[in-house]
Amino acid sequence: MPNPSPSVPPLGFAGLGLACRRGERLVFAGLDFALPPGGALLLTGPNGSGKSSLLRLMAGLTRPEAGRLAWNGAPIADDPAAHRARLHFIGHQDALKPVLTVAETLAFWAGMRGGADVAAGLQRFRLAALAEWPCRLLSAGQRRRLALARCVASPAPLWLLDEPANGLDTEALADLLAAIAEHRAAGGAVALSTHAKLPLAAAEELSLAGFARRAA
Amino acid sequence: MSAFRRLVLRDLRLAFRQGGDAAMVVGFFVLTIVLFPFGVGPEPALLARIAAGILWVTALLAALLSLERLFQADWEDGSLEALALMPLPLEAQVLAKCLAHWLVTGLPLTLVAPLLGLLLHLEAAGYPVLVLSLLLGTPSLSLIGAIGAGLSLGARRGGVLLSLLVLPLYIPILIFGVAAVEASIGGFAARPHLLLLGAFLAGALPLAPLAAAAALRQALE
Chain A
1 MPNPSPSVPP
11 LGFAGLGLAC
21 RRGERLVFAG
31 LDFALPPGGA
41 LLLTGPNGSG
51 KSSLLRLMAG
61 LTRPEAGRLA
71 WNGAPIADDP
81 AAHRARLHFI
91 GHQDALKPVL
101 TVAETLAFWA
111 GMRGGADVAA
121 GLQRFRLAAL
131 AEWPCRLLSA
141 GQRRRLALAR
151 CVASPAPLWL
161 LDEPANGLDT
171 EALADLLAAI
181 AEHRAAGGAV
191 ALSTHAKLPL
201 AAAEELSLAG
211 FARRAA
Chain B
1 MSAFRRLVLR
11 DLRLAFRQGG
21 DAAMVVGFFV
31 LTIVLFPFGV
41 GPEPALLARI
51 AAGILWVTAL
61 LAALLSLERL
71 FQADWEDGSL
81 EALALMPLPL
91 EAQVLAKCLA
101 HWLVTGLPLT
111 LVAPLLGLLL
121 HLEAAGYPVL
131 VLSLLLGTPS
141 LSLIGAIGAG
151 LSLGARRGGV
161 LLSLLVLPLY
171 IPILIFGVAA
181 VEASIGGFAA
191 RPHLLLLGAF
201 LAGALPLAPL
211 AAAAALRQAL
221 E
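Going down the list, the protein sequences come from chains A and B. No gaps in the numbering here: position 114 of the first sequence is 114 in our numbering, and each next residue is one more. No gaps in the numbering here: position 169 of the second sequence is 169 in our numbering, and each next residue is one more.
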C-alpha cells in the first residue's frame, strides 16, 4: 500500500511513481511530476515516448498501471467527477463537426461545462470573423485555434494540451502563448506536450525519454 | 440550458443538417415494406395476416441501420474523448444521445407505420395498438442498440458485429410488439403485451446507459 507520503505537494496537481502500459508495452515507469497553481509543465521526448499517454492519464481517460495522481493532496481517483470539472483536455483531434458553425461549436463545448463566454474564446484566438463559418471550411490551423478556444470560453484551473502548437502560424502561436500566460497569471496550471521549443516563461520541462528507457 | 438538453439539441441539429440518418431510416422502412407485396403477392388476406410481423421486423432492421453511427462519428473526430471529460456523467450523455436517436429514427418510423399498414391491408382494429406498441418498443431499440454501438466501436466491420450483438436482444421486443397488434386484431386484450413492452423500456432506461457508458470508457482507454 502506498502511504500518503509528505512528498506530494499540498497545492496543485501532482503525480507520484506513475507507470503507464499501452497493450503489452510499458510506456514509462516511475514518473513523478508536480504542477503548482500558475505553473507550466512542458512534456518533451521523442515520438512514442508517452507524452500523449501521460496527458490522457492526467485527464483520467486511462488509469495508471502504478502510482497515483493527486489534486491539492487528494487522490483524483476518489472523485473523478470533480477532476473532470476542473480540467480542459485538448487532444490531438480537434473534436469539430463539419456542419456546425464556429460559434455553435464553441457554445456547445463551453455550455456543456456550464457558464460560457463564447465571445472571449473567439476573441482570444482571432476567430470572431469566422464565427458563422461551418467548420468544414476551416483550415488545419483554424481548426486547432477553435479547439484551443474551448479553454478560454469556459474557465477551468487545469489545462492539458496535446501538441497545441500543431498547425499554428506564428500569429496564432503568439495567441496561444498569451492565453496560457493569462491563464497562469490567474492561478491556472497547464501541462502541454510539444516537439518544438515553446518560449514559455518559468516552465518546468519534463523529458519522457529517460522514463521510457527505465521502463524498457 | 442544462448540459443534457444541450447535447440532445446538438445531436438533433447534426441530424437535420447532415440530413442523412432520419431520411435513410424512413426510406429504408418504406421501400422494404413496399417490396413485400411484390415478393409474396398482392393477396389482401395473406398480406393482412403477416402485416404486423412485417412492420415490426422492418422497423427493427431500419433502427439497426442507423445505430452504427450513434457513437462512431464522435469517436472518429475526438468528440467522444472530449465528451467523456465533461462534467455531465457519461451515462446521462448516452441517454441524451439515445433520446436524440429515437427522435430522428424511432418516432418517424412510428408515424409512418400506419400508412404502410394500409398498403399491407392491416385490419382496422390493429392501427391504434400498432402505433402504441411502436411508441413503447422503439425507444428500447435505441437504448439496447446503444450498448451494441458502444461495444462495436473501433471494430472492423462494426455494423455486422453490431447486428450480431443486438438482434438477439431485440427478440423479446419483437415478440411482444407483434403479439400486441395480433391480439387487438383477434379481439383479445393487447394490454398485457403493451405492459411487457413498457416493462422492457423501464428496464432499459437505467440499465442500457450504464452498460453503454462502460463500453465507451473501454473504447477510450
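Everything labelled a hint here was simulated from the structure, so no lab data went into it. Fair warning: this is a prediction, and the values are worked out from it, not measured in the lab. Hints are not guaranteed to be accurate.
[Said to hold, decoys possible] Where chain B lies over chain A, by a calculated footprint (3+ residues, C-beta under 8 Å): (1) 60-66; (2) 85-93; (3) 106-116.
No residue lacks a Cβ here, since even glycine has one placed at the ideal position from N, Cα and C.
query = For the stretch 60-66 of chain A, does the count of residues with a C-beta closer than 8 Å to a C-beta of chain B reach 3?
reply = holds (count 3)
message = Using a Cβ cutoff of 8 Å, are there at least 3 residues of the stretch 85-93 of chain A near chain B, or does the coverage claim fail?
response = Satisfied; 6 residues make the cut.
Three-residue Cβ test at 8 Å for the coverage of the stretch 106-116 of chain A by chain B = holds (count 6)
Checked against the numbered hints above, the structure violates none of them.
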